[in-house]
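Asker: This is what each chain is made of:
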Amino acid sequence: MSDLNNKAPAPEKLPASPAPEAEKKVREPLFHIVKRAGIPRLKAWGIRVVAILLALLLNALIIHWLTGLDPLAVYKSMFDGSFSTSRKFWVLLQNTAMLLCIALAVTPCYKMRFWNLGAEGQVLIGALSSGALMFYVGDKLPSGVLIALMLGAALLSGILWAGFPALFKARFGTNETLFTLMMNYVAIQLVNTMIAIWVPSGSGVLGIMNSRTNNGWLPTVFGQKYALNIIIVSLLTVFMFIYLKYSKHGYEIAVVGESENTARYIGINVRKVVIRTAALSGCIAGLAGFLLMAGSAHTVSNTIAGGNGFTAVLVSWLAKFNPFVMILTSLLIEFLQKGAGEIAQAFRLSSDIADIATGIILFFIIGCEFFLNYRIMFRHKAQKEGK
Amino acid sequence: MLAVLASFLHSSIVQGIPLLFGATGEILTEKSGHLNLGIPGIMYVGGISGIVGGYLYEHFCERPVALLCILIPLVCSLLGSGLMALIYCFLTVTLRANQNVTGLALTTFGTGIGNFLGGSLLSFFGESGSISLLTIGKWYKAYPVFADKLGVFGEIFCSYGFLAYLAVIVALLVHYFLNKTRAGLNLRSVGENPATADAAGINVTRYKYWSTVIGGMIAGLGGLYFVMDYTGGTWTNNGFGDRGWLAIAIVIFALWKPARAIWCSFVFGGLYICAVLIPGLSSAAKEVIKMAPYLVTIVVLVLSSVHNRRENQPPASLGLNYFREDR
Amino acid sequence: MPVPAIELKNITKTFGSIIANKDVSLSASRGEILALLGENGSGKTTLMNMIAGIYYPDSGQIFIDGKEVVIASPKDAFRYKIGMIHQHFKLVDVFSAAENIVLGLNEKERFDIAKVNEKVRTISETYGFEIDPAKKIYEMSVSEKQTVEIIKVLYRGADILILDEPTAVLTPQETRKLFAVLRRMRDAGKAVIIITHKLHEVLALSDKVAVLRKGEYIGTVLTKDTNENQLTEMMVGKKVSLNIDRAEPKDPQDRLTVTALDAVNRDGVKVLDDVSFVARSGEILGIAGIAGSGQRELLEAIAGLQKVGSGSIIYHDPKTGVDEDLRNKTPLEIRDLGVRLSFVPEDRLGMGLVGDMDIVDNMMLRSYSKGRSFFVERRSPKSLAEKIIEQLEVVTPGVSTPVRRLSGGNVQKVLVGREIAAAPTVFMAAYPVRGLDINSSYTIYNLLNAQKESGVAVIFVGEDLDVLLELCDRILVIGSGKVTGIVDGRTATKEEIGLLMTKSDHIEGLHEEGGSANE
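Chains as they are written, first to last, in the working numbering: chain A, 1 to 387; chain B, 1001 to 1327; chain C, 2001 to 2519.
Any given hint might turn out to be false.
Claimed, not checked - No more than 20 Å apart at the CA atoms, straight line, and that leaves these computed lysine to aspartate or glutamate pairs for DMTMM-like: (1) C:K2214 / C:E2495; (2) A:K43 / C:D2356; (3) A:K320 / C:D2358; (4) C:K2270 / C:E2174; (5) B:K1180 / C:E2118; (6) A:K272 / C:D2336; (7) C:K2145 / B:D1198; (8) A:K248 / C:D2356; (9) C:K2075 / B:D1198.
Stated by the list, open to error - From chain C, some residues computed to sit far from chain B (all C-beta separations above 10 Å): (10) E2007; (11) N2010; (12) P2074; (13) N2106; (14) E2107; (15) I2123; (16) A2247; (17) G2292; (18) S2383; (19) P2402; (20) R2404; (21) P2424.
To be verified - Anything over 10 Å on all C-beta distances counts as not near chain A; from chain C, calculated: (22) G2157; (23) N2229; (24) G2321; (25) D2323; (26) L2384.
No wet-lab data here; the hints were simulated from the structure.
Even glycine gets a Cβ: it sits at the ideal position worked out from N, Cα and C.
Isolated chain A (complex conformation) (with noise of 0.2 Å):
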């Protein structure tokens, strides 16, 4: 709160000291709730771990009262969902960077408080164009042409379909979560037509394209399948934290984000930085798009992108933006979501305990938000302070 101008602060923040007939005849409130200025950076942490590991108990209770299982063996299994095998541990590490790419994406959208719920969308779409290439000229170009196009197609869709809204909201301010939302679901159907389209069959299943001459593939890295896809999305994190962090479109992005006056007053276009921001945000989407495309499913589904686009929005809220946490809350989800599946095959559950897992960690740690921005304050402690 700003209190430089001469107004005066709002009733209840006023110490309730002089006059004691005030006191008798003023009902104050048992406590109330005032904003914090700041917190330290430690006690933050330190309240999210509390969140964090209060959820992982909580977690650990339910699927104690579910399974029988001893709260710690829960864990133990859990453990061997990720790690037990080597391909195990690869697959996490598949599918953190994979979730971690598309929240790369959408990061510099929420810096800039414009509300991005498409990257689902933007990420199938990239997939649907590179996956168009690699069906129809799969296999008269070249494999380097070829995953060249289909990189070019992929980002050049992303960028359409995150910048349409952008377009929108800049010129009309329409609102963008809706748009964007929406715009999942028309990627959505896109995808349905167009394997309609490509199997005639009906089946609606594309299957794995290419299989035979690999053409169009992404190569493998040190013999492993997904090392490059890793590779890319680590390179891709140092680039968005140096971007956001050092770069000049970054700085604008924190200033439109935290103050639209201040960016008028300092001359910013804001429209153009809304524009370019949603296409950088839609262009990294649809890369996400073509790796997983290229580089691991080969074929196109409308889950390629398994609900990733939204987890991603948590992932990156939770990171409080910063990419390099991002690795570890991507790397917290996906964990819970392999370790629940875990116990789900083993106890013949259904897997989507792992849902559930995550959506309770995913409730403790945005409830625990409350306590970073506001403090509460009880009645005998705020007149302490106020005198």
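Please build the complex by placing chains B and C on the supplied structure of chain A, with the hints as guidance.
Answerer: Below, chains B and C alone, put in the same frame as chain A:
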């Protein structure tokens, strides 16, 4: 020809009912200034809660009674979705958490609960196969016998389970509530300008809680209708699909007016179903038709922002949390 | 003498160390219009907010009809039939007038908007309002919105009406109508209190005038026994010496020539009306005026943030001698022209700085885009931040502290320091010492003087007349968007400026028909 049309209208309405429940619930919620993106998850929970309640009743009761067959799943559904909405409310109203993030987390959570319970319920009781509550489904689908004698008219207007009529009645009631009652006026002021509402002596928090929880319960009935009436008491994982998001699209398409949401839902239901009903369509064309609801929603959204007519805008404080000392 | 409808005795109210009201006693009777007169910051609004239940007094008593009462909330105020019309309307835009009027009421009878409309019409007819109850607020003019606020209060049965600067947003015609309405209310036996600082309105409307100055109660006079000069003197008081150094301007040259500037705000109200003046190098040009008379719009128009209707803003470049018209250029275009314009806006954390960014990042706001590099360069902003912290004695844990966490004075030092570091040729500051303590204020005065002595054209918008008179070489007085006079800072008196501030064109018909008491 008339018979084909009647059957098409019938199917459109059947498809539209879950959407109508979802849209009505979301409109009520959004009128308090809260964009609840957890509605898809809440609808899943509304469905599965009804299934669980019904299953337990059928499982433990020798001779199920019609009234209880209807009431128990209904009450369970309301409780389940009400609880979900309460989570959202506590996080966004009391703890002032980001609404989009909370809503998305709630959808993940709710879909997870639906699919988990749907997939594991039988195994808890040592059974296998898939859930199928035919007795209860039968009661939910029941409609007056005279409908069959009324020919086309009966098919279009009288051939639905009671929840379908309830959907329309609830939408009309919410419409009446919002536009014709004092409390409705107060609620709308909370969504438009909470500071003004606060200054006028309206309890902003209480209004937000009630509208979100009741809105969630209404939306949950959409899930119940789907599992009990539409599928006749069976559960398939992810069977409900993206209807929850379609409901949110309808809110925009209906310009936040519940009465409009009634026909909008049926139109969307029609678009959803006509792909299946029109003979001779290629499967690609069917998918394109299914895209239409989302495209028209986008067009409506853009047009309403370009024209900028104040009556057609989202509630002014939609998505923003209210804290009295922020001035 | 009848018992007054409302009486305040020895009311004192403090906010932290600031005394907003000290020992204020006044009263208003039924069938009477009381004008509460005072400069900005004299505590008028705070005093009235205590009657309306928004603030609670530290000490003192409030009597309604002779009985002592406690007003702890707006609801209590309603119960005692007190209604206040705030300067900033609290209305829901998409609702109709009638819907706003009944908002939040718990009437027993069933809600029927047609009946409400009827009741609103009855009230309108009684007092001579012209309002369509079904009209939406967003379709209304400012004066219509004000009418809705007044009816809202009357609908709730208010007997004691408080209006906070009701004419600030009205045209002369609308003012005339409002006054007619207020007189009718008085004749209907209500007590009306109007907060204002426009003398001619006081004289035209009120029966009694109570004057506040810097939170203190100066006295009450009957309108018929007083005149503009006496009221001005009561309002501004005797001159206080502040000992601010003032050098003679050296070699002043025209730097900025503003001619016939017109501008309207978003509501379509004219905020700048034919404004012309010259700002010279090596000189401080003060701008005095009642708050909201167009000062902010004037500075923002020069800085490229406010759209201008007609007129010109010519900048005379001291190096090249070229004249550039800055009218309707963006801040970026102005900078690209090579115009070195610094601007300390009134809203420091909302416009001049970004609260959540640290001092270094705030230093870069102006300069970040320099150079062709893709990356921002933080080394020189950092050393600038360190220099400012050292030279201006900014109290902060370090350069990486978010500015939001600094105290008001330190925030302002950071902002002013950054704007000075840009080596401006024109330096504009809006209320740069508002909310600052004495020491910080003097730091700012010294900085402004140093700028002036180094040949910068300084424009200083202030509210304290004593400061303006000691700091500025010339003072431009602005009233309702018009320049009402430009005086010499060395020879002008407070009364002279006070009169210019409250002067506006004579409004026909403000006085009661047939001229009564005060003529």
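Asker: Each hint needs a verdict: does it hold in this structure or not?
Answerer: Here's how the hints hold up against the structure:
A hinted pair counts as satisfied when its Cα atoms are at most 20 Å apart, and K2214 (chain C) with E2495 (chain C) qualifies at roughly 16 Å. At most 20 Å may separate the alpha-carbon atoms for a hinted pair to count; K43 (chain A) and D2356 (chain C) meet this at roughly 18 Å. At roughly 17 Å between alpha-carbon atoms, K320 (chain A) and D2358 (chain C) fall within 20 Å of each other, so this suggested pair holds. Simply put, K2270 (chain C) and E2174 (chain C) have alpha-carbon atoms about 14 Å apart, close enough for the 20 Å limit, and the pair holds.
Distance restraint check for K1180 (chain B) and E2118 (chain C): the Cα-Cα separation of roughly 16 Å lies within the 20 Å cut-off, and the hinted pair is therefore satisfied. Restraint check for K272 (chain A) and D2336 (chain C): satisfied, since their Cα atoms lie roughly 18 Å apart, inside the 20 Å limit. In summary, the hint linking K2145 (chain C) to D1198 (chain B) is supported, as the alpha carbons are separated by about 19 Å, within the 20 Å threshold. In summary, the hint linking K248 (chain A) to D2356 (chain C) is supported, as the alpha carbons are separated by about 18 Å, within the 20 Å threshold.
Restraint check for K2075 (chain C) and D1198 (chain B): satisfied, since their Cα atoms lie roughly 12 Å apart, inside the 20 Å limit. The non-interface label for E2007 (chain C) is consistent with chain B: the shortest C-beta to C-beta separation is roughly 26 Å, beyond 10 Å. Every Cβ of chain B is farther than 10 Å from the Cβ of N2010 (chain C); the closest lies at roughly 29 Å, confirming the non-interface assignment. A Cβ of chain B approaches the Cβ of P2074 (chain C) within 10 Å, the least distance being about 7 Å, so the stated non-interface status is violated.
For N2106 (chain C), the condition that its CB be more than 10 Å from all CB atoms of chain B is violated, with the nearest at approximately 8 Å. Not every C-beta of chain B lies more than 10 Å from that of E2107 (chain C), the closest at about 8 Å, which undercuts listing it as non-interface. At roughly 18 Å, the least C-beta separation between I2123 (chain C) and chain B is larger than 10 Å, which holds for a residue marked as non-interface. No Cβ of chain B comes within 10 Å of the Cβ of A2247 (chain C); the nearest lies about 42 Å off, and the non-interface call holds.
Interface exclusion of G2292 (chain C) from chain B stands, the closest Cβ pair being 18 Å apart, more than 10 Å. Every C-beta of chain B lies more than 10 Å from that of S2383 (chain C), the closest at about 36 Å, which supports listing it as non-interface. Distance check for P2402 (chain C) against chain B: the nearest CB is about 17 Å away, which clears 10 Å, and the non-interface claim stands. Annotated as non-interface, R2404 (chain C) keeps its C-beta farther than 10 Å from every C-beta of chain B; the closest such distance is 14 Å.
At roughly 33 Å, the least C-beta separation between P2424 (chain C) and chain B is larger than 10 Å, which holds for a residue marked as non-interface. Under the 10 Å C-beta cut-off, the non-interface status given to G2157 (chain C) relative to chain A holds; the minimum distance is some 24 Å. With a least beta-carbon separation of about 28 Å from chain A, N2229 (chain C) lies farther than 10 Å from that chain, consistent with its non-interface assignment. Under the 10 Å C-beta cut-off, the non-interface status given to G2321 (chain C) relative to chain A holds; the minimum distance is some 25 Å.
With a closest Cβ-Cβ approach of about 22 Å to chain A, D2323 (chain C) is found to remain outside the 10 Å limit, as its non-interface label requires. Every C-beta of chain A lies more than 10 Å from that of L2384 (chain C), the closest at about 16 Å, which supports listing it as non-interface.
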